[in-house]
Amino acid sequence: MPQFFLNKRLIILLVSIIILVALIGFSLKERDELTWPEQFMKDTAGWVQTLVSRPAHYFAGFFENVKDLQNTYEENKQLKSRLNELAQLKAEVQSLTEENKELRDILDKQDSLSDYEPIQATVIGRNPDRWNELLIINKGSTNGIEKDMSVITSTGLIGKVKNSRQFTATVQLLSSNDATNRVSAEVVGTETYYGQIEGFDREKEMLLLKRIPYEAKIEKDQIVQTSGMGGVFPSQLVIGTVEEVVPDEYGLTQMAYVKPGANFYDIEHVMVVKRGMIQPELSDMIGEEEEKK
Amino acid sequence: MKKAFLPLIISLCFIFESIFVELLTVESLVSNRMVVPHFLMVSIIFTTIYGSRKHGLMYGFIFGLLFDVVYTEIIGIYLFMLPLVAYIASWIMKVMQSNIVIVSFVALLGVTLLELGVYEMNFIIHRTDMVFSQFVDIRLMPTLILNLIFIVLIAIPLKKYLDSYAEALRND
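In order, the protein sequence lines correspond to chains A and B. Counting from 1, one number per residue, gives the positions in the first sequence under my numbering. Counting from 294, one number per residue, gives the positions in the second sequence under my numbering.
Isolated chain B (complex conformation) (with noise of 0.2 Å):
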């Protein structure tokens, strides 16, 4: 019942993501600013790092795919970049402690290198003119603070529940 729970949540934020965007119109209130919810990202290195570092992989490979179909129309952006994250996550913690602000700013950090990743595929493929100084004024620095604000909300419940999930694979 408890491991149940994982691919509902990852699938929640994967479709939450969209809805986000579709209706929040921050442009509106901030102009010629663009935030990007990273949500899924979020929730997958939080996987990684509590409850098991093949699972988060795992979901990251899959729901990769699935963004790169159902979303972006450009097969193998994130399907690539998703589990190359969560990996370099995983191998940042072997060296830091699992203290939940660290685990945070490793949150962070993995969205900031996603952005970057997926920026200099989309700018290596001409899907985007941007230089990277209008990149990180424009699109990073909102998108962070969007970011920081959702792990700052969800860290706490996520983490509680994750420790129960890598206790019910442990007791498996």
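Excised from the complex, chain A in its bound form (with noise of 0.2 Å):
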């Protein structure tokens, strides 16, 4: 019977749809913690992953290392020219350190918002579907990783924690589209804008820094930094420079293009920061009247 046939398999094509739907709904809900199974499948990925992630970015570091033999000279007249600029800088900041501390101590204020304690942490995969940008890092719950931490690399922020198992964790990067994906920021000049990190575009390799106040005068090159007041990362954290300052959609407040300082590419070691000053209730944050509904 044909027409048995072809019922049954369209039974199973909607029952899988059903499934499907019903398995998409759950993972997209917020969700403090994953599931044990997933855990424990993503803890044994993660083992099989760091075997084979490190003698494969060894083979490929060696190629690197070729490469980056051909533009030494080039490259070591560039540093030494900024070298005599570096001392200068680094007295400058060791005084300005010492004369904060010396504040600090007279206010009796012992933290500030950019206190951060660093873990080092290596990067075993990344997600190959590249519609959410999510890093595997080697390093866990057992090393004191938690949700929401943020991600630094050396040259600047890449993204937060989004939830971490025993052994392993995944970080989202700045660049992943969610709509949860947030920072506030700052643009550092002789005054300082805020303005919220939303999304990333594709075609121009460029973070998006939108609600900035339409009065504010940006130019190119300023510094885009945390905040600090979004209550997840800490303040002083770079994010990037400013490429180009556009009137937002409905011409109330401005946008502009940051050129991110971090390269969302090729990562592989990271430092996962985590706030030194305690995190808002969200109920501080957010008005009584919200809060009753």
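In short, the hints are calculated from the structure, not lab data. As the structure is a prediction and not an experimental result, all values here were calculated from the model. The reader is advised that the hints may include incorrect statements.
[Claimed, not checked] Examples of chain A residues lying across from chain B (beta carbon under 10 Å, computed):
1. 38
2. 60
3. 73
4. 74
5. 135
6. 271
7. 273
Idealized CB from N, CA, C, for every residue including glycine.
Both chains are sitting in their own frames, so use the hints and assemble them into the complex.
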């Protein structure tokens, strides 16, 4: 009976579509922790990935080293010219740090928004389907990594910890398109302006800094860093530099294209930083009327 | 012995996809293009066509689930798409003759279907705001070129192995 088989196949298809929708709905929900089968599978896979990714990195590193050798001379010349500048800068930083510490002592104010404690980690995997930009790192909750910690490289902020298991953790990059992936940022200059990093322009490969006040005067190459006001990230982590400022779609605020300081593609070593200051409760940040709803 | 190799090959494809995007910086060579490896899909389609259909669908299901849990963190998309594409590929091969060139094209078609399906689902749940023309230009074309290169490299050795795998299955 071909009719019967056709119906059976149709039923299987319909049932699997229902299961698909249910599963997607389940995994899109805001979850504080993954279920234990997921954690177990991810940790096991992470273990295998560590075994394979180390030799692969060494192999790739060799070619990179050869490539680096080619332009060593040019780089050396440039770096030498920057060296004098650096010594001066270092002295300045030192005196400023000391002064800052003294002033803090006078004020009796110990902690600041920019305090953080770094944890070193190595990238062992990356989401191959590039819709959601996720990295897997080799440190987990046993090393003190928790959800919502920020992740930086030596050149700037790259994202935050999405969730952590016993031995591995997942990092969501700033470039991934997710409504909850927002960073409160500030543009440093003679006057500081606040905005929010919301989204990533694929074609220009730049972050979008939105909600800057309309009267703000921002120029190219100004530094954008985290403000620490969002309650998740510590302040003063470099995000990137301003490339172009345009009016927003409604013309009420301005939007800036920010060239990320960190490279989102070639990441090997990262630092996970824990915000030293306590995180405010969500109920403190939204108004009381909203809470009542 | 012959049969134990297949899970190993497919697992290697699974892990190699992640290492590939981690190490290869195509973005630094060709700016603003995305290449996505679908080595897992290709090997599952080959298994379905040359090995056995049942095993192909089974691997599609298992590795689809693993892919979702380990990499994408949205359970369901690959779990659904991998067996479906493998099934469609085996269905197409019923009317085609199994010539290696034709199988390679069917595998490439499978990759296209997978990309389209995953794009549509991600578009529906707002994980991406890329419009369709942008998607074809930035993502689909470079991806197909990469996977074509992979298929050309792997087709003949994989076919040889899977023929012996099917032979071993028949002898059991």
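Status of the residue 74 of chain A interface restraint (C-beta, 10 Å, chain B): violated, 18 Å
Agreement of hint residue 271 of chain A with chain B interface, Cβ distance less than 10 Å: violated, 18 Å
Chain B contact restraint for residue 73 of chain A - C-beta distance below 10 Å: At about 21 Å, which exceeds the 10 Å cut-off, the nearest Cβ of chain B leaves the hint on residue 73 of chain A violated.
Hint status (Cβ of residue 60 of chain A to nearest Cβ of chain B, threshold 10 Å): holds, 5 Å
Interface hint status, residue 38 of chain A versus chain B (Cβ within 10 Å): Status holds, d = 5 Å.
Chain B contact restraint on residue 273 of chain A - CB to CB distance below 10 Å: This hint is violated: residue 273 of chain A lies away from chain B, its Cβ roughly 22 Å from the closest one there, beyond 10 Å.
Residue 135 of chain A as an interface hint toward chain B, with CB separation required under 10 Å: This interface hint holds because 8 Å falls under the 10 Å limit.
Hints 3, 4, 6, 7 from the earlier list are contradicted by this structure; the remaining hints agree with it.
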